[in-house]
Structure formats: C-alpha cells, structure tokens
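So that you can map any letter, position 220 of the sequence shown is 213 in the working numbering, and since no number is skipped, the others follow by simple counting.
In short, the hints are calculated from the structure, not lab data. Because the structure is a prediction, the values reported are computed rather than measured. C-beta: ideal position from N, C-alpha, C; glycine also. Treat the hints with care, as some may be off.
Below 30 Å or equal to it, Euclidean Cα-Cα: the simulated DSSO-like pairs (lysine-lysine) are [as the list claims (entries may be wrong)]:
id, residue 1, residue 2
1, K224, K182
2, K257, K28
3, K109, K224
4, K28, K303
5, K182, K300
6, K224, K28
7, K109, K28
8, K28, K182
9, K109, K300
Simulated restraints on C-beta separations [as the list claims (entries may be wrong)]:
id, residue 1, residue 2, range
10, H99, V170, 36 to 42 Å
11, I159, Q27, 22 to 28 Å
12, A275, V160, 46 to 52 Å
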Amino acid sequence: MQIYLIILFICLILVTCSANAITILCVRRYEPLQKANNLFIISLAVADFAIGIFAMPWMAMYTIYGYWPISRFYCIIWGIVEGTCSPVSIATTCFIAYDRCLAITHPLQYGSPSRKRTILIQIGVTWLVTLLAQAAVGGVEAMSDELPVNECFVVPHNNHILIAVIVTFEIPIVVMVFLYARCLYYLRKRLFRVEPKPEKPQAPALRPSQVSSATSSSANNPVLSAAQLAKRRQSHVRNIRTLGFIIVTFLFCWLPFSSFFLIKAYCVDCISNGLYAYSFWAGYLNSAINPMLYFLSNPNFRRAFIKLTKL
C-alpha cells in the first residue's frame, strides 16, 4: 500500500510544481498574456509552486510514516509555508473571481491604466499580512511544549479555528458565489436580451451622393457591430465558465479540510490524524488543478505552451 502512496504523492508533487512553473513561464514569455490581470495568476502560481515544493514532500512523509519523522524546526518551516501559501492561494482565487466578474460588468473600469498598480498592492498586502500572521501564530504554536514528540499537527484554540474557517473558507465561497450570481444576472439582462425592432420611418428622397454614403455605412457598421458583439459574448461566456470552474474546484478541494479542521477543534478524537492528513491533500490538489483551469479556459495559455515547447 505504501508504494502506491509514494508513487501517487510523487506524481502529484511533480504535476503541481511543473504545471505552476510552466504557467509562470507562459505569462512571462508570451506577450499576449502580459496583462495586469495575469499578475494574479503569477501570484497564485507562485503560492501553488511553493506548496508543491515545500509543503507536499513533508506532508507525504507524515502521511506515509504516520508521524513526523524529522525535527521540530522543519515542522515550524512547514507550518509557516503551508499556513501562508494556502491562504494566499485561496485569497488570490477570490481576486481572480472578482477580476473575471469586473471584466464582464465594468469593462471600462477593468481597462483602467491604474489597475496594474492596484493589483500589485492587493497581491503585496495579501502576501505580507498572511506571512506575518502565520509566522506569529503558527510558529509559536509549533514550538509549544504541548505538541507531542513526532507530531506536527497543531490544533489551535477553538476561537482561532472558528475565525480561520470563516476567513479562509466561508467568506471566500460566499464572495465567489455572489460574484458568479451577479455575472449570470448581468449576462441574462444585458447581453442576451432580445430588443424589439423599431418601425422604420418613411425615408425622404436622397441625392445620389447620399445614397452612396448610406449604402456604404449600412454595409459596414452593422457587420462590425455584430462581430464585436459576438466576440464580446464569447469572451464573457468564457469568463463566466472559468468562474464556475473556480468555484466548483474550490468547494471540492477545500470543503473536506475546512470541515475536519472545525470538527477536530471541538472533538479531537472524532477525526483521526490519518483522515485529517488526507484532507490536507484534498486542499493541496487545488494547487495542481489551478493551472489546468487556465489552459482549459484561455486559448492564449495553450498557444503560449505550444510556443514554449518549441524553444
């Protein structure tokens, strides 16, 4: 059984690290992807890559052995890395959902020149606040004398756990569902409504030059408008589909951990450490799936990957 787990964990770690590294390279090297909103994707890929290279290997050892086989120092490092990158990944997922919704509902604001600066501030504050909070709380708890030898799962106070679940799971999922509902409402109301055709008034007689000008205008503008509208609809539908994938994936991956984390706070023996460890892996799976969502939903990522493989 252990050999299958080892193979599974190695494959998951390799997929997570390589997929997120490729994502970063695609954005950095392919010009059509070098847009302000893709800074969120770089931040998310960095967090997911860190989870793959730092958090997953140590969790794999813990899952296979059934205890923490290395020193307390590495337990502290693992706690800080995992406790920082996972919330950053979740928060950035929320920002991406908001970004997709903004592109649909407020396209003019979405293209604002100051947007890049705003995004950089959001990313910087997210990383800084999460890192400081986890270094202060997670590091102190991991060094606690109450933590048994060969253990690295810290169960904080009940109030801390309740706040953590609300902040890192409940609020993000409520925000994402709200954004998804708002985007769907916008699409139904604005893009797919059928407007009644106005009655054509009796046209006055036109001179030959006016007839030529009117014919040229009617031949070009309606076609251009229809093409632009079709392109905009296609883009918005792709954004709403991506947002739906993000929400479903988030629920699938993080619901087990958030539930077990909360249960274990009030009933330690109700959830075994083994089952608790597997709920971590469900959350880690999100780090491997995120890059796949980009490549499935955005043709530019697929073009960038093809171009990258030809280098």
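Comparing the hints with the structure gives:
1. K224 - K182: holds (18 Å)
2. K257 - K28: violated (43 Å)
3. K109 - K224: holds (24 Å)
4. K28 - K303: holds (23 Å)
5. K182 - K300: violated (39 Å)
6. K224 - K28: holds (19 Å)
7. K109 - K28: holds (8 Å)
8. K28 - K182: holds (29 Å)
9. K109 - K300: Given that 30 Å is the threshold and the Cα spacing comes to 26 Å, the pair holds.
10. H99 - V170: 36 to 42 Å: violated (19 Å)
11. I159 - Q27: 22 to 28 Å: Given about 36 Å between the Cβ atoms, the range is violated.
12. A275 - V160: 46 to 52 Å: violated (19 Å)
Going through the hint list in order, the structure does not satisfy hints 2, 5, 10, 11 and 12.
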